[in-house]
Structures are given as structure tokens and as C-alpha cells.
Amino acid sequence: MLAEIRPARKDDVDALMALELAVFVTDRISRQSFRRMVSSLTASLLVADQPGGILGYCAVLYRTGSKSARLYSLAVAPNSGGGQGRALLAAAEQAARDRGCTSMRLEVRRDNPRAIALYEKNGYRPIGSKPGYYADGMDALRYAKPLDPPSQILVTTARKAAGTSTR
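For the sequence shown, full-length UniProt numbering begins at 1 and goes up steadily by one.
In case anyone wonders, no lab produced these hints; they're calculated from the structure. You may find that some hints are simply not true.
Cross-link-like lysine-lysine pairs, in silico, BS3-like; alpha carbons within 30 Å at most [stated by the list, open to error]:
id, residue 1, residue 2
1, 145, 130
2, 67, 121
3, 67, 130
4, 67, 145
5, 10, 67
6, 145, 121
Based on the provided sequences and hints, a complete structural model is requested.
Have a look at this one:
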């Protein structure tokens with residue numbers, strides 16, 4: 001069952017820290033950074049929430065004057081069930097669209113095939129790499145995706161439902 005995706009609140013920070021420690025070995029987001037993102041005008045911090053607790057989160061960063069958003073982090077609890085990452089990614093993209101962004105970019109560890117597959121399956125394409133990007137020396141792969149405007153998404157969805165071509 002998919003969790004409810006909602007904006008993070010200050011009282012989620014303890015659960016976010018626990019998830020961060022469970023999922024990442026290096027390059028973790030700090031408690032202070034989570035607190036800042038909850039109320040930041042230049043970030044969207046979304047959580048996948050179920051009655052049993054937070055199953056995942058995504059953090060999206062924005063720069064003033066830029067139409068490109070950055071997926072800063074996406075984490076899903078181990079054994080949380082399928083689809084949580086995909087739902088968080090879709091919510092992150094919608095948050096970026098709502099801010100007027102026309103593209104999303106991200107970095108992902110070269111040794112994280114599951115995340116790479118998620119991004120590629122959802123339309124992200126490689127745009128380069130950053131050698132030694134992570135604290136442990138692992139390279140980052142850089143990806144980007146154009147974000148269709150909401151009106152284009154509605155047209156595409158309607159055409160698919162009707163069985164007609166989208167191009």
C-alpha cells in the first residue's frame with residue numbers, strides 16, 4: 001500500500017534522522033539541515049507517511065532565477081513495499097512544476113543500481129559524472145529530465161486513456 005505523500009513538518013525530524021541513518025552510510029543530511037528544509041522557501045521536503053511511520057522522503061532544492069530544480073535526496077526505508085520511491089519521485093517532480101521549474105537534475109552514486117534504474121525508468125537521462133563526488137570517494141552520475149508543464153501532462157494522459165498517439 002502506498003503511503004500518503006505530504007510536506008514534512010518539524011515533528012517529523014526525528015523520524016527523518018532515523019531513516020537517514022538506516023539508509024545512508026555516508027553523506028547524510030544533518031538534523032539541522034532537515035529542520036531548515038521544513039520551513040525553507042528554497043526547498044520542498046516531502047515524506048511518505050503511513051500510520052506506522054514515515055517510509056521515505058525526498059528533498060528538492062530550488063535556486064532563485066533558475067528553472068531547474070535539484071533532487072537533493074530521496075530515501076525509502078528498507079522493506080517498505082514497492083512503489084514508494086516512484087511515488088516520492090512523482091511528488092518531487094510535481095513540487096518542482098508547481099514552482100515553475102521546467103527541468104529536474106540529480107546526482108546518484110555510481111554503485112546504486114536500484115536508484116539508477118528508478119531514475120532511468122522515469123525519464124531521467126545521463127548528462128555527465130562527477131568523479132570522487134561522495135565523501136567515500138565514489139563517483140556520482142548526473143541525470144536530468146525535462147518536466148512537462150501540467151497542461152501537457154493532462155493532454156498526454158487523456159490521449160493514452162483514449163488510445164491515441166501522444167506525438
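Hints and how they fare:
1. 145 with 130: Since the Cα atoms of residue 145 and residue 130 sit roughly 18 Å apart, the hinted pair holds (cutoff 30 Å).
2. 67 with 121: Status holds; Cα separation ~23 Å.
3. 67 with 130: Judged against 30 Å, a Cα distance of about 22 Å means the pair holds.
4. 67 with 145: Distance of about 12 Å is within 30 Å: holds.
5. 10 with 67: With Cα atoms ~28 Å apart, residue 10 and residue 67 stay inside 30 Å; holds.
6. 145 with 121: holds (11 Å)
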